[in-house]
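Chain Y: place on chain F using the hints.
Here is what each chain is made of, one letter per residue.
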Amino acid sequence: MSRFLGPVDTMGCVPPRQQTRVAAFLMSCHGALARQLAVALIWERRPAWHMELNTQLYREAETVTLLLRATSWVPDPELLFLLPTWETAWQATPPAEIGDRTQGLAIDAAALGHAVHSMIRPAGLLPEQVPLHDPFALALRRIEFESGRVMQAQILFLKSTDLLPLREQVTSVVESRHRLVRKLWREMLAGIGVEPCN
Amino acid sequence: MPFLTLSSYRIRYELDGPQHGPAYVFVNGLTQYAELWSAYRDALVEKGFRVATFDLLGQGASDKPGLFISQDDQVAALGLVIDVLGDDPVFLCGISFGGVIALRYAVTHGSRLAGLAAMSTFAELSPQLLLLGNALRAGLIHGGTSYLQDLLLPMNLSDAWLGPQLGNLDTIKRQGWLTNDVYALQNLMESFLDFKPLTAQLPSIKIPTLILNGEFDFLTPRTLHETLRLQIPDSALVIIPRAFHAFTLEKPALTAALLLRFAEDVLSKKWKGNRSVWIAPETAGDPLIPFPEGHDHLRAIPAPEVHR
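So the sequences go chain by chain: F and Y. Residues in the first sequence are numbered from 1 upward in steps of one, following the working numbering. Residues in the second sequence are numbered from 1 upward in steps of one, following the working numbering.
Quick caveat, the hints were computed from the structure, so don't treat them as lab data. Do not take every clue at face value.
Stated by the list, open to error - The list that follows gives simulated cross-link-like pairs (lysine to any residue, SDA-like), each with its CA atoms no further than 25 Å apart: (1) K183(F) x S7(Y); (2) K196(Y) x V194(F); (3) K196(Y) x K272(Y); (4) K173(Y) x L132(F); (5) K183(F) x P165(F); (6) K159(F) x G110(Y); (7) K183(F) x G110(Y); (8) K183(F) x F3(Y); (9) K196(Y) x E168(F).
Claimed, not checked - With the Cβ distance kept under 7 Å, some of the chain Y side facing chain F (calculated, not the full set): (10) L67; (11) L153; (12) M155.
Ideal Cβ placement from N, Cα and C applies to all residues, glycine included.
Only chain F is shown next, with the shape it has when bound in the complex (with noise of 0.2 Å):
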């Protein structure tokens, strides 16, 4: 097992087959946020939410896309198999912590965003060596760096004084999120012989 990917290849490029697997893991993760945030949106009449929803909407949209024109894609049957399992994980569940189920999954998609934008850090995997401007070293250094503004709203809201009543249980949402998320990162991680640092 490898701290980083690679080895890369003599012009300092990733292995088709590993950004092909990463690429997929986000584009499936970063889809799935997208398509809870469209649904969010049409429910949200505050203006201030409405906005940052819309915004998230479209930088989770813009990861998407970025992967897609980004990575060199081949193919991986594997992903038959995969594919299924992240995106059942993804799926909105209302806590059984909350005893309000609308505000239920409104917390759990935000947990799951907390947990998809603060555990996975896709930059941290690159090697030094990996040229500054290869289009696949850009799009996860852009993703990363947008995940750390784009959480900012999952923690206002996790954090709002509304939901401090619910803390304990909220944390709890959070933790379990964030458990799941680093478990299904790490094992695509350790399918393509990598082992994080964090």
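Using the frame of chain F, we list chain Y on its own:
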């Protein structure tokens, strides 16, 4: 890599040196991780000390809670590490954020400690420190860990250290960037949102206390260390010449020698704090210089002392 358990979280720690004997426990600053104390570990183990290092919650290889990290939990994590050391004398040493955790531990568990070394730290948030902390947090949120590092490096290290490293800064930053996660750093910073000043509790720290402050510390200037000196009865303030906030990274040999001398003085009962003020030598092992009488150690210019 051994771990301790704090409720549902794991605390990564490391213990080096002999099986028994006096011990130093190091508490990291905000963006630090346990490996950054390796020079201290080597220097102190060579002199027969046990050395315990660990990652606080949200740091390095310890668990990183998703939303909230309380300073009480950090104190509890530190307590677990100290418990591993049994009944041997323990010297607790913390820098900056870790200094606050060490102070809090000393307030509540002072009897467990043989001595305390508080470095580049504070007991209350001055307006400057509050605003700087807010700005650093905003920098982290908008620019990520890398931008926070860009802000902290020139604030905390001297030109003498930075100059030769300018072409190598990306490599220096990389390990810290890999180790630190934005959300975890943010949680650590936000553990100060409801911070209550410790000043009123400082007099309860009766143990020998060494206070170390860089001459040019911009982030936690002399006045914040002066609070510690005035409130902790058996304390001495030592000013590290030409040093900034992160002098433990910049001058490890000198700082390790100061910590060693402090522990040896305490163990041999030679230590006399007396709220005295000293200037550290430029070279490790040279004697401390008493701060010139009649001058104000809070000023940068040699102004006569005004009794407050």
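Quick rundown of the hints versus the structure:
| no. | hint | verdict |
| --- | --- | --- |
| 1 | K183(F) x S7(Y) | holds, 21 Å |
| 2 | K196(Y) x V194(F) | violated, 44 Å |
| 3 | K196(Y) x K272(Y) | violated, 30 Å |
| 4 | K173(Y) x L132(F) | holds, 16 Å |
| 5 | K183(F) x P165(F) | violated, 29 Å |
| 6 | K159(F) x G110(Y) | violated, 34 Å |
| 7 | K183(F) x G110(Y) | violated, 41 Å |
| 8 | K183(F) x F3(Y) | holds, 20 Å |
| 9 | K196(Y) x E168(F) | holds, 23 Å |
| 10 | L67 | holds, 5 Å |
| 11 | L153 | violated, 19 Å |
| 12 | M155 | violated, 21 Å |
Checked against the numbered hints above, the structure breaks hints 2, 3, 5, 6, 7, 11, 12 and satisfies the rest.
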